[in-house]
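All chains, please: the whole structure from these sequences, using the hints.
2 protein chains.
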Amino acid sequence: RWCLGGVQNLALPMYGRYTQDLGVYAKEEAARLRESGQRRSVADRSRTLDLLEYEKGRCAKCRICTVRCQKFLISRVGEDWIFLILLGLLMALVSWVVDFCIAICLQAQKWMYGGLDSNVFLQYLAWVTYPVVLITFSAGFTQILAPQAVGSGIPEMKTILRGVVLKEYLTFKTFVAKVIGLTCALGSGMPLGKEGPFVHIASLCAALLSKFMSLFGGIYENESRNIEMLAAACAVGVGCCFAAPIGGVLFSIEVTSTFFAVRNYWRGFFAATFSAFIFRVLAVWNRDEETITALFKTRFRLDFPFDLQELPAFAVIGIASGFGGALFVYLNRLIVQFIRKQKAINKFLMKKRLLYPALVTLLVSTLTFPPGFGQFMAGKLTQKESLVTLLDNRTWAKQGIAEEFDYIGHSQAWKHPQVNVFVTLVLFIVMKFWMSALATTIPVPCGAFMPVFVIGAAFGRLVGESMAAWFPDGIHTDGTIYPIVPGGYAVVGAAALSGAVTHTVSTAVIVFELTGQISHILPVMIAVILANAVAQSLQPSLYDSIIRIKKLPYLPELGWGHHEKYNIRVEDIMVRDVRYITLNCCYRDLHNVLLTGHLKTLALVETAESMILLGSIERAQLQSLLSQQLGRPRRLEYIRERAAAEKKLMSVVSNPGSEDESQRISQEVRFQVRARHSCNIWTHGNTSGFIAEWEEKQLDEQVNFNNCKIDPAPFQLVERTSLHKTHTIFSLLGLDHAYVTSIGRLIGVVSLKELRKAIEGSVTVKGVKVRPPLASFRDSGTSSSENETTELHKLWDRHKSMSLPREHTPSESDEKSQ
Amino acid sequence: RWCLGGVQNLALPMYGRYTQDLGVYAKEEAARLRESGQRRSVADRSRTLDLLEYEKGRCAKCRICTVRCQKFLISRVGEDWIFLILLGLLMALVSWVVDFCIAICLQAQKWMYGGLDSNVFLQYLAWVTYPVVLITFSAGFTQILAPQAVGSGIPEMKTILRGVVLKEYLTFKTFVAKVIGLTCALGSGMPLGKEGPFVHIASLCAALLSKFMSLFGGIYENESRNIEMLAAACAVGVGCCFAAPIGGVLFSIEVTSTFFAVRNYWRGFFAATFSAFIFRVLAVWNRDEETITALFKTRFRLDFPFDLQELPAFAVIGIASGFGGALFVYLNRLIVQFIRKQKAINKFLMKKRLLYPALVTLLVSTLTFPPGFGQFMAGKLTQKESLVTLLDNRTWAKQGIAEEFDYIGHSQAWKHPQVNVFVTLVLFIVMKFWMSALATTIPVPCGAFMPVFVIGAAFGRLVGESMAAWFPDGIHTDGTIYPIVPGGYAVVGAAALSGAVTHTVSTAVIVFELTGQISHILPVMIAVILANAVAQSLQPSLYDSIIRIKKLPYLPELGWGHHEKYNIRVEDIMVRDVRYITLNCCYRDLHNVLLTGHLKTLALVETAESMILLGSIERAQLQSLLSQQLGRPRRLEYIRERAAAEKKLMSVVSNPGSEDESQRISQEVRFQVRARHSCNIWTHGNTSGFIAEWEEKQLDEQVNFNNCKIDPAPFQLVERTSLHKTHTIFSLLGLDHAYVTSIGRLIGVVSLKELRKAIEGSVTVKGVKVRPPLASFRDSGTSSSENETTELHKLWDRHKSMSLPREHTPSESDEKSQ
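Protein sequences, first through last, are from chains D and L. Read in UniProt numbering, the first sequence has 586 at position 586, and its numbers run on one by one without any break. Read in UniProt numbering, the second sequence has 127 at position 127, and its numbers run on one by one without any break.
Simulated from the structure, these hints should not be mistaken for laboratory data. We put the CB at the ideal spot given by N, CA and C, even for glycine. Please note that the accuracy of each hint is not assured.
Claimed, not checked - If we take Cβ atoms under 10 Å as the criterion, some of the chain L residues that face chain D in the derived model are: (1) Arg-263; (2) Pro-305; (3) Phe-306; (4) Thr-480; (5) Val-505; (6) Ser-506; (7) Thr-515; (8) Ile-518; (9) Asn-532; (10) Leu-733.
Structure follows, in structure tokens:
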């Protein structure tokens with residue numbers, strides 16, 4: 001340790017030069033280094049080659065070639081596009097395999113159900129047991145392997161992309177748990193989606209791939225690069241799930257980011273396109289499709305997709321979806337909170353963790369049992385089949401359904417001999433609505449996008465069929481008859497409801513990419529925007545809701561046009577009672593600060609009088625400083641020293657024989673051994689007196705910050721920074737807290753908490769806080785406020801009084817005083 | 001003036017209190033203000049109403065109602081969505097009217113050309129004169145009214161959205177010049193686009209609307225809000241131009257922003273959707289269309305849009321478009337630079353400003369004259385007609401064209417009796433390529449997107465027709481025959497080339513929205529991404545190229561995966577020789593600093609020794625300080641005082657008569673008048689001696705910063721901030737420069753210039769700079785580097801030496817010194 005200190009001290013003059021007259025020095029050094037570096041690297045390479053040639057002789061050419069290839073590959077591996085292609089490829093494969101397994105699972109259930117048609121009870125057992133087993137396995141597997149894999153993953157990714165480190169969320173274990181858990185969960189046929197988990201899986205893939213690639217080069221260890229790659233991975237996740245590259249990029253941006261770097265845009269597009277491409281090519285290769293097309297291709301007429309007079313109906317879908325979306329988020333949160341609050345239930349469920357999933361699955365699958373209640377809500381259709389039928393371009397209400405459908409015949413499920421198709425649709429919507437809200441609370445890897453999407457499509461279909469029944473020959477009056485296309489309404493409804501639940505506009509794009517038709521662009525856009533407007537004013541998005549439930553660190557968005565944000569200043573919300581330590585403080589101050597506060601980082605100021613902010617120190621660093629000062633090694637050392645001193649004293653006094661000496665040494669050794677075992681008894685023991693005294697002395701010593709990591713540039717704001725700007729900076733830079741300074745002096749601190757409170761407070765108590773406290777003080781100036789001037793006055797006055805008396809001129813103050 | 005000073009001095013104690021113990025004071029004051037404010041506003045309102053009722057008596061109810069309505073309206077007018085709807089509506093109307101006028105202009109030309117078919121020379125005259133007159137008028141009109149309206153406007157908007165204030169770019173004059181100039185320019189039939197100018201027009205609209213709305217309330221004066229609205233306006237501009245809301249939003253983001261706030265996203269979508277909707281509704285209302293559909297609707301088959309084996313052809317289109325796009329940008333820049341460099345030409349053109357446009361128009365229209373060379377390049381088609389025929393879903397190469405086309409018959413233009421359709425296409429591409437590059441340099445309001453789009457479509461068509469000729473029965477082997485659709489290739493080509501020129505991916509979305517079909521999504525995405533990859537590695541985007549030509553302040557993007565950016569630190573690029581002023585400096589220092597440097601803002605530090613950064617002051621502020629100190633009012637005053645003193649002295653000495661007194665006074669007046677006229681002669685005149693002495697004295701006085709605007713929070717970086725992060729912060733916050741501090745001490749400054757140099761330098765000299773100069777110094781530590789530690793050492797040592805002598809502990813430095 002002393003040696004290190006010495007080196008540092010020796011190094012000082014050189015660094016002094018480095019920082020002082022670097023203007024010249026840096027340029028010289030730079031030129032020198034660049035040249036020598038170039039020469040060196042060339043020399044290095046040729047030397048390696050020479051060496052190889054000399055050493056091996058025979059298969060030298062081979063080896064040289066290999067080395068060259070290796071070098072080339074390694075240099076290429078660092079390029080972003082290689083990484084993105086690998087990521088896209090991997091995710092397309094994962095997505096396809098997961099889809100394949102899910103399809104097999106669902107087929108197996110159908111086969112079992114179909115094979116047992118002789119006995120309804122056996123049929124029911126098969127219908128119910130299958131999903132219960134799968135969901136229970138999924139829940140158990142996830143619980144055991146990685147509980148972080150539970151749920152959608154989008155809220156966590158949003159938090160991670162904000163810069164917060166969530167432990168264990170990007171590990172291989174989580175990856176395995178998420179993929180297998182998701183496959184089983186979706187294979188059960190419950191109303192769950194794969195989109196949210198795929199965002200998480202893609203991020204996991206990217207993180208693991210990064211780790212793997214870092215074996216080849218050091219580029220993959222850069223943090224900001226990793227965050228950029230994670231953002232691209234989120235796009236890949238959505239893109240390869242829906243084969244929707246553009247929608248995937250936009251959706252992932254809307255859902256995970258607050259600020260988006262356009263330079264990162266191409267990464268998402270590149271990877272998502274590649275991934276979607278491979279995903280669809282796999283389908284062609286597997287002979288599922290003839291060529292690359294959309295996932296849920298529609299065949300609406302192109303020449304007259306909809307009439308202008310149908311737009312009010314589309315607007316109604318949008319507004320209703322907005323309310324529906326908010327209700328869904330509310331219902332989902334209500335269920336979670338209800339289960340958490342009911343202590344009796346909670347205790348029971350906690351003990352038998354797998355009971356809740358099993359019970360929910362039992363309930364849902366019982367209700368969808370096709371010969372039972374399921375016959376009134378197209379219960380035998382899987383999610384995918386429902387969506388295909390809902391987006392069908394035929395009209396159900398007018399035409400007889402059964403006779404005309406010669407192909408798969410899934411639409412038959414909607415037609416009940418006794419019950420109207422409208423009733424079936426309404427029942428489907430209502431039942432699926434609460435089922436989906438309930439099912440997404442099961443602790444398995446699952447998303448809510450797809451179920452909501454299907455419900456939205458059903459709702460749109462309902463409105464469309466009603467319109468078709470109302471205007472059998474279409475609305476358009478002059479010329480040709482253009483009948484209404486209920487499938488178009490389903491598209492609009494799907495986009496609107498999923499947009500409302502997730503608070504995104506890009507579901508519109510996803511819908512176009514999913515259906516392969518963009519002819520309904522204006523109705524879809526109008527409905528999605530209206531749905532968003534309604535939903536955003538009522539509830540947070542589903543992901544934000546989960547973030548709040550899970551108590552992840554978050555920053556609320558500045559909502560739709562809350563102008564008062566522009567008027568609130570940092571000085572109105574900052575905490576003025578900042579915990580700080582001074583550069584010349586003693587260990588006792590450190591001790592006190594650590595005891596009273598609970599902040600993660602502490603401000604370091606020059607002195608308590610000047611309050612000039614020098615930097616911030618992490619709590620852990622301070623703790624280690626303190627423990628270093630008072631820790632066992634130093635205690636032992638002190639005791640040894642003291643013992644030695646006493647010994648010397650004694651030997652001077654009594655001058656004992658040599659056997660005495662050896663005895664004393666052995667005693668000392670014993671003493672030390674004891675000390676090592678029972679350090680805490682010490683203070684009460686024999687030696688407690690002088691140890692306490694020593695401690696006091698140690699605490700009074702000045703802190704040595706030499707070996708302490710100090711962040712020299714904690715983020716600083718000034719009093720007059722607006723809330724709007726503060727929010728921008730916090731979300732841009734992913735801050736946790738920022739110090740408020742006034743001309744270098746620390747005067748306050750703002751953390752996420754205060755910011756959150758300020759934003760949410762003024763959102764809810766809108767009428768009251770439009771003029772924030774102290775607002776009247778700032779209407780006068782724009783840039784140079786009175787506060788700043790005052791501070792400068794003081795400094796200026798101080799300097800004036802300190803400077804030498806000069807010849808007097810008729811300055812303002814003099815004029816006044818005379 | 002003294003009075004003002006007095007007030008400020010009086011006000012000091014109060015502000016002193018305000019800043020000192022604000023913790024308590026602020027809370028009290030806030031509560032008091034809030035309550036009283038509330039009470040007051042309620043009281044105010046009721047008083048107004050009472051007053052009205054009392055005063056008028058009779059039609060009081062009416063008036064109260066009016067006042068209430070007015071209040072309600074004013075409160076609503078402040079909402080963003082009202083503003084956005086108005087903006088969308090306005091822009092849709094402008095777009096439609098412009099389109100309408102252009103269509104009439106083009107029809108008139110056709111009519112003239114068609115009516116004179118008896119004489120080819122007259123035909124030629126008509127064909128050529130018409131565009132020459134229109135373009136010349138457009139150029140002259142723009143030149144006279146607002147030269148800022150020239151060109152696309154996107155580069156300027158990009159600069160404005162970075163936070164730079166460009167004067168006169170957002171005025172009503174520019175709006176008028178841009179709209180009328182654009183209409184005339186496009187009405188001439190030259191290969192020009194309306195998209196870029198529409199971005200500018202929409203921004204103009206937003207700025208003017210903002211100004212207009214600010215009459216109703218004060219919300220519209222907030223700057224960050226205005227920037228957000230301008231960003232939305234850019235989206236509206238593209239959206240209402242192509243009826244492409246999604247593509248418009250994305251394109252405007254890619255083209256104008258570096259960082260994008262997702263919370264601003266909905267604004268763009270909302271306004272652009274509304275605008276596109278109204279734009280298309282106007283077409284329906286005008287009976288141009290039966291219902292709302294895409295602008296260039298295609299009718300490709302849905303079931304099998306393309307075969308997997310066609311993808312290489314699409315990739316080839318993408319790569320070729322990338323090279324083509326880069327070539328276009330290069331050509332455009334070359335033409336501008338050539339004309340600028342040729343001094344003889346330049347001088348001549350400068351004198352006759354309208355000659356250049358006229359000459360270019362003459363050349364282009366001569367070459368497209370249909371009976372002349374134009375017959376080989378479909379010269380008689382307007383831009384819109386060309387695009388419609390190029391996107392046609394029939395195959396030209398196989399089928400006879402003439403006989404099958406029963407509708408408009410524009411496709412006939414591509415078929416020449418003697419010449420192959422391939423030759424026509426190649427000629428069209430080549431001729432239009434240089435024509436467009438040349439035409440966009442004409443000083444009229446014009447964009448390059450649409451011409452490039454058409455050329456791309458033609459190129460795609462060429463490849464498609466070749467493919468169709470090569471595989472007459474399609475590539476797909478098993479089962480049904482799916483012939484190749486050359487129109488699909490045209491779509492891909494259009495997106496790829498326009499994407500390459502503008503460096504955007506969102507042209508893909510624009511293409512889908514323009515054609516109303518999304519079936520070719522994967523080929524389009526692949527081609528666009530490849531085109532971007534090629535073009536971005538060769539040339540800047542067209543808009544960045546114009547920014548550089550126009551020398552607007554810009555910040556280059558961090559390119560595709562330049563990892564070395566992560567390793568360069570601010571200390572490597574910062575300027576260490578910072579111009580600064582100290583708080584206790586005298587006016588002479590100010591004078592010297594202003595004489596030597598040319599920076600817009602100067603750093604204010606506490607003292608030259610401590611170098612603690614206190615803020616930054618604008619140059620203009622310092623100049624006004626200096627001129628205040630040495631300006632005429634003070635000079636005159638000094639002279640008057642001196643004269644009075646002399647007079648008194650004289651009167652004491654000689655005690656003259658009353659006529660002497662009056663004479664002296666008249667003399668003084670004359671003296672003053674002279675002074676007012678010839679201030680600079682003074683110093684050499686009679687009085688020069690004591691004036692020079694006075695000046696010297698004034699310059700030695702300490703500067704009074706009281707009335708000076710100081711920015712208390714200039715942006716600060718630390719030495720170890722990476723280039724990557726610096727770039728992010730600069731582009732996020734739109735900075736012009738940032739100070740580099742080390743624990744409060746100013747040690748350097750980084751401006752856009754240095755940053756630009758660092759980024760571009762390391763981009764071009766890629767191999768060399770991978771390890772930047774001085775990089776080897778930093779491989780050791782991660783957060784606490786030696787530099788910081790050194791600085792802290794020094795501070796700590798200073799404090800230790802200043803503090804009282806304490807009991808010595810075996811600290812590092814002591815150990816070393818002993």
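Quick rundown of the hints versus the structure:
1. Arg-263: Given a least distance of 5 Å, the restraint on Arg-263 of chain L holds.
2. Pro-305: holds, 7 Å
3. Phe-306: Check passed: Cβ of Phe-306 of chain L comes within 7 Å of chain D, closer than 10 Å.
4. Thr-480: holds, 9 Å
5. Val-505: Holds - the Cβ of Val-505 of chain L comes within 10 Å of chain D, reaching about 5 Å at its closest.
6. Ser-506: holds, 8 Å
7. Thr-515: holds, 8 Å
8. Ile-518: holds, 4 Å
9. Asn-532: holds, 7 Å
10. Leu-733: holds, 8 Å
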